[in-house]
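Trainee: The residues making up each chain are set out below.
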Amino acid sequence: MSLSLDNIKRVANLACIEVNEAEAIAMMAQLSGIFSLIEQMRAVDTSTIEPMSHAQDVVQRLRDDTVTESDQRELFQSIAPKTEAGLYLVPKVIE
Amino acid sequence: MHHHGFGIYPSLFYDLPRLTNTMLNYSLKQLSTLLAAKKISSVELTGEFLGRVKVLNPDYNAFITVDEKMSFAQARVADAMIASGQAHPLTGIPIAQKDIFCTKGWLTTCGSKMLSNFISPYDASVIERFNAAGAVNIGKTNMDEFAMGSSSETSFYGPVKNPWDITAVPGGSSGGSACAVAARMAPAATGTDTGGSIRQPAALCGVSGIKPTYGLVSRYGMIAFASSLDQGGPIAKSAEDLALMLNVMVGFDTRDSTSLQRETEDYARNLAKPLQGLRIGLPKEYFVEGMSADVARAVEAAIVEYRRLGAETVEVSLPNTKLSIPVYYVLAPAEASSNLSRFDGARYGYRAPEYTNLNDMYQKSRAQGFGAEVKRRILIGTYVLSHGYYDAYYIQAQKLRRLIAQDFAEAFAQCDIIMGPTTPTVAFDLGEKNSNPVQMYLSDTYTIATNLAGLPGMSIPVGFSDNNRPVGLHIVGNYFAEAQMLNVAHQYQQVTDWHTRMPHKLTA
Amino acid sequence: MQWEIVIGLEVHTQLSTQSKIFSGAPTAFGAAPNSQACAVDIALPGVLPVLNRGAVERAIRFGLAVNAKINSPSIFARKNYFYPDLPKGYQISQYELPVVAGGSVKIRIGRDENAYEKTICLTRAHLEEDAGKSLHEDFHGLTGIDLNRAGTPLLEIVSEPDMRSSAEAVAFAKILHSLVRWIDICDGNMQEGSFRCDANVSVRHLGSDKLGTRCEIKNLNSFRFLEKAIDYEAKRQIEILEDGGVIRQETRLYDSDKDETRTMRSKEDAQDYRYFPDPDLLPLEISEDWINRVKAMLPELPEAKRNYYMTIYSLSAYDAGVLAATREMANYFENTVKLLPASAKLCANWIMGEVNGRLHKELMDIAQCPISSAQLAGLLLRISDGTISGKTAKDVFDAMWRSEYGGDADTIIEAKGLKQISDVDEIEKLIDDILAAQPQQVADYRNGKEKAFNSLVGQAMKATKGKANPTQVNELLKKKLMR
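Residue numbers (my numbering), protein chains in the order written: chain A, 128 to 222; chain B, 776 to 1283; chain C, 8 to 490.
With the rest of the complex left out, here is chain A:
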């Protein structure tokens, strides 16, 4: 199958990755190649097969409801791009 330039731009926008026109065109060509590889799998009839999400047939283990973590804000924020008064700073969120 072939992807349109609009497909690429929409998906890039969903993924929050800026692409310029030239990049989008190059990406379109590469992704179309990959998708033609992927298309092979669509020919198989899987109507009776259950999807497999996990390699092991095991169920979720549960944690006891206890507090195990202590405050490490200083350490965590020592690698943050921008902080103030214990907060992570980002450009203004407009609602």
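Since no wrong hints were added, every one of them can be taken at face value.
Derived DSSO-like pairs (lysine-lysine); straight-line CA-CA distance at most 27 Å:
no. : chain 1 : residue 1 : chain 2 : residue 2
1   : C       : K486      : C       : K398
2   : A       : K219      : C       : K140
3   : A       : K219      : C       : K86
Below, a sample of chain C positions facing chain B; criterion: calculated Cβ distance under 8 Å:
no. : residue
4   : A50
5   : P52
6   : G53
7   : P56
8   : R85
9   : N87
10  : F89
11  : P94
12  : I152
13  : D279
14  : F283
15  : P286
16  : D287
17  : L288
18  : L289
Source of the hints: derived by calculation from the structure; they are not laboratory data.
Backbone N, C-alpha and C fix where the C-beta goes; we use that ideal spot for every residue, glycine too.
Following the hints, position chains B and C against chain A.
Mentor: Chains B and C in isolation, oriented as in the chain A frame:
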């Protein structure tokens, strides 16, 4: 045996050899014995290998970060453990850590500009386990960016070179680790494997590597690529060394919901077992398409050797194997597109220097912080999960995943172990497949299915191509059959010497 | 044209666990910014979620309380979108196979003869993680992100579009609010955001069975705002439709200052959330055994209590509803009435009137009431045995509220000499004296002036400083005047 005061490295490579060729090939057990007997200290051993890294790394680019101070600090702790009689089998031994494992106080980049400033504030479970065992972290190895690649060329830190031929790729994504072991810059290393990222570079660099059953090695602190496929494992010179590495790496971890709770086992316990009666399954689909002649020749020779060791071969069929690549390139990018959303420039990592608003900060930080292959896969993954495509791609791929796993279940009803080539060709040239992602993806043809099934897989060196590049034999076992696979590999390594070969110009 | 309003609610309840849903960080409200955001909560590379048993157990408790199905397995899914208060770039939620499916609650609207009951069906209730908070105060034009709340467990309860007025929506929200506190899964603190409502509102012609285009209204953090926002939104939609317009499906925000809703985002720019099962989490299985254990520990539910109060104590549905609003209130009532089994109505009236009124005035809740249920019963006993009048009892109550004399009614009555005069001879003598002194009023009464009677009663009460039993005074006075 030369004794050296600490600090008088570098160089044994162009300079006087300190570790002799024999010693460079010492197994982990032999090194451990030397350390226990106080023939050498961990500080000295660490210094020897760091010296080799210093000399060789500029050419091979196997390491992203080397921090002598931190390594020596660990070595001193190890020496104290040995002195006080508290040594474990790996105490004092330098281990190279793939830069995908978060390592407290160390730059942990995952091969990406996105994390080029990320000093990890915590240790991955795997790192904790090595620390508890008294191993020495000798450095963080180079890799394909976020483990996405089969050549270690997508790293922000530049490509890794193959120690057997500097114009060839080492494979990937754990190319730095495979290169480090092949060039004897480290006795052993860690890797991770999502579609072949341990086994393929091990094969291309002529070393041994094993990806255990999914769920045996904790993924906590291992930067996620595709969560349902990612699995950590070791790369080393021999099956015996892999066993000792697995003994440290495998273990239940409450912090990883997919970690399996099982009784502790000694992966070296079966090494010496004879192979009489072993049934080796040879998938007919593996031996028809795409395999190069020299790979076929070496693999067939290895099978002959196995027959000589008492094994018998049976033909098995894995009819859906050919779908592994399309299935993988839906599932892995889908998971990755979501896993990599946390890299947004807000709390850590790369933030674009200029932007106009919040969305622009996200868009630019991610556009600049990620390389081309990572972006490609994020877009594929985003696309296949998006509205209207989910069932046709994602669900269909998960259904085929089940068929692929069922193929293996049926095959293992007829055999104990499955063998084939690890890769269709030997190492390709640097840059050869860079512009053609599909060609690159096909180099994982034989390895991907085991990740989809969650089965253990390993690669051991079994010869060379005409242009002297290594060939790997792929050994796939049933779930939790690691000890048996290591036994199978070890027995071969007892009667062959491929695993002891070193690139000539790198010998001491 | 008659319009019908159709409302469905989505209620986010923060579950009262100690630690977060997927990490071991604490959930306490009001800590210093980011001091309760651990490696998992800030989504460091490599970290993984592990599910909190306490959160699951609370979801089961809710499911059982509304007679829903507990799904096993249920599946956690990722909802992908970028927002600074969402550190992973996805929220772990449930999409297909939520932990709770179906169920219903009964609501009651109004308290007079027009009151009616209605059953509201639930679609589902699912577990998910809360987001952090964006602080828009001025950080040089930037936004500050506090991730303490990120990862707090939420149970999102989704109703069917079964409500037809803001009053029904409020009644439903109140019933849920009461229920989640009753079964102790949520503190219900709306100011702190522990219980948050979104309303889906649409309108249609009365009699139509087709749903109109709906708008989702967010940010309704009080019952009053819920009511006002729905009323405003319904009016807005009806006006548009009556003017021949069409409703755009969109998310709207309620502005309580202006009492209006306004567009937040339209469906066109609605996100494609790319839900898929979270590969870091496995299917959640809930065994029959676990469900039974939770069931065994479930308290008697408010609806059962209400019915009990109505049948055993003959209380009205409204009274029963108020007294069974919270477990604390019900306990208080039951502990009081236990000591005065014959005076249930008196107990109900006093708790709903004096006690509740005073608590409300002092911004306290029943758990903080300075008068214990036993002390209140002590006071009510003296009303019912005629020791004091209802009026005097209010003075005693005030003294008890101030904890005078240890808050003991009898001690206060004794110490302040408030005991009612009930001795017939004493009151008769007193009345004789008054009648003798007021021949004119006696004559007036006998000539049919009812007012004169009241004046005579007033004089009798005044003469006893209010301590005479007014009923007795009335009776004796009538008897004497009849002669």
